[in-house]
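> Listed below are the residues making up each chain.
Protein chains: 2
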Amino acid sequence: MAPYLLFLGDAPDLLAAKVAIGLRDWRPEQCIGQWRLDQCRIDLGLEELSPQAARARGAKTIAIGVANRGGIISESWLDALETALEAGYNIASGLHDRLSDQPRLVAAAARHGGQLWDLRAPQGSFPIGNGAKRTGKRCLAVGTDCSVGKMYTALALEKSLHELDIAASFRATGQTGIFIAGTGVPLDAIVADFMAGAVETITPANDAAHWDIVEGQGSLFHPSFSGVTLALIHGSQPDALILCHEPQRQHMRGLPHYALPSLEELRDLALRCAQRVNPDCQVIGVAVNTAAMTPDEARDYLQELGQRMQLPAVDPYRDGAMRLAQALRDL
Amino acid sequence: MAPYLLFLGDAPDLLAAKVAIGLRDWRPEQCIGQWRLDQCRIDLGLEELSPQAARARGAKTIAIGVANRGGIISESWLDALETALEAGYNIASGLHDRLSDQPRLVAAAARHGGQLWDLRAPQGSFPIGNGAKRTGKRCLAVGTDCSVGKMYTALALEKSLHELDIAASFRATGQTGIFIAGTGVPLDAIVADFMAGAVETITPANDAAHWDIVEGQGSLFHPSFSGVTLALIHGSQPDALILCHEPQRQHMRGLPHYALPSLEELRDLALRCAQRVNPDCQVIGVAVNTAAMTPDEARDYLQELGQRMQLPAVDPYRDGAMRLAQALRDL
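Protein sequence lines correspond, in order, to chains A and B.
Numbering-wise (the numbering used here), the first sequence opens with residue 1 and increments by one.
Numbering-wise (the numbering used here), the second sequence opens with residue 1001 and increments by one.
Calculated from the structure, these hints are not laboratory results.
All figures in this text were calculated on a predicted structure; none of them were measured in a lab.
Just so you know, even glycine gets a beta-carbon here, dropped at the ideal spot from N, CA and C.
Keep in mind that a hint or two might mislead.
What the hints assert, rightly or not - Which residues of chain A face chain B? A partial, calculated answer using Cβ under 10 Å:
1) His112
2) Phe194
3) Ser226
Chain A with its partners taken away, still in its complex shape (with noise of 0.2 Å):
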């Protein structure tokens, strides 16, 4: 799909704009530039250009970068759209609504020879998954609660890894994920049966030294979407896992009748979990979001858990992840 030009469209804070910042943070050199609409109240940083300019530099994908709520495909970037797949783009998005549902792309796309990819859309069809050990090693981020992080621990972890000369691929298991890596499974929108096989299907034998580093994806605690968590855990069979969070959440994400977890109660279930596919499987560290935290907070904080836990503990965004990297390498 790479690269791209990153479509904002009317996004009016950077929240909407989750998957661009993804692509820009981790991908740098896949995104060409950002492609806005007058309404649109945020700036990346990257340099603004045209379709047509962005082309002319080898951008050949538009990244539908921005979601609204309900992840429609709003009326107001059709026009836009259209332009682009006459230039000769293809479109990717993540979003719940899909691109081959819109019949003006859908004819735009045919008349140019564009493609559309809905990356939320499942490709394909996945095996019931068998349990059976694959050569390679995995590792596994899991949270107390969903959006504490893991994506970003995974992402980070890559990178360190690679510092030290370790092989290791970065596995997506949801929509911004798979803009990230260019391919994986939106595991949410699996059907139940094929979950665990799913996640076998892009963690697949590799050589023995090879990390795979899945992307995690909701709570064993969250009752909206554990069962998706343990079909997590028992596809990706990890012999490593590391424990996510953020202190500051008052409830569970959505559901204010539902206190957090403890570090050591997701450290225990988890491992329990991951235990019945790997029975050599660890615990490695602690991975933090201290964002509303003072730096000084944050080192103790992350000192006094790192000892109460007797793992390393991070905040791969003020840190990166290399004590994870070194932990992971002297396992």
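Starting from the structure of chain A, add chain B where the hints point.
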């Protein structure tokens, strides 16, 4: 959908007729008779009726009571099924293959005003689960493995509760169960994000004294399907769990490389997961399939097991589920 004429097709053995046997055993009042093709090798002991004769006695729907390898709709059935539609029947099927994908059946149904019900296809859309506490009580059967008698146990328990004049509803989560209950969700066919929400939908708020008896699926210890099981536990927020087991089983179903967990392991993990959504949840009994034992062996085994687990231990097939129903009553 009921009353039914049970279509046994060309079933080679009783194993192929699981759906028909379930209907005969649990909803005999809805089974007007059986209908077999010439090659059929089994007999369910129901009256042998032609579609015309069964129609005259009130049958409304042909229940496809047989499954062949792969769950396909056999070519050799089509003439017969078309004849039934001509005679004014609806057809219901829990097969993987869909009736609605068979042009001959679709055309015949349209011509004669019959309905085609594909029970394995999820009906409508489901919300994301929210884990909010609902009134009424719920009991869920969980297993050391797949296919260890969870559905049978739930149906036997519903029957025993009714004998005790306790309001109770069997809640179906698989194809055979949906046939028997006339409603339910085919949980293994639901999109991952909506599994828990689908279970919440079929176990809604109810009278405080009413019991939902929820059909279990898979096993927390079965790497292929564990995610479905956890969604079921969190979606049904059980007040009571029943542990289901088959002592003769040598390995997890379909996975020769996985041993079964002990009943103690199942108790501990299932309870821990269930208490996330219902802190008061208790394990109230054990249901064992002792078909491979003599009556004396079974009695001794269950007595020893009951002492070991400090729980009522029964074989619902041999003994019924009254002791489990009493345990629910006494909770």
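> Determine for every hint whether it applies to the structure shown.
Verification of the hints:
1. His112: Histidine 112 of chain A check fails; min Cβ-Cβ to chain B is 32 Å, beyond 10 Å.
2. Phe194: Hint holds; phenylalanine 194 of chain A Cβ to chain B Cβ min 9 Å, cut 10 Å.
3. Ser226: Since chain B brings a Cβ to about 5 Å from serine 226 of chain A, closer than 10 Å, the hint holds.
Going down the numbered hints, you'll see the structure goes against just number 1.
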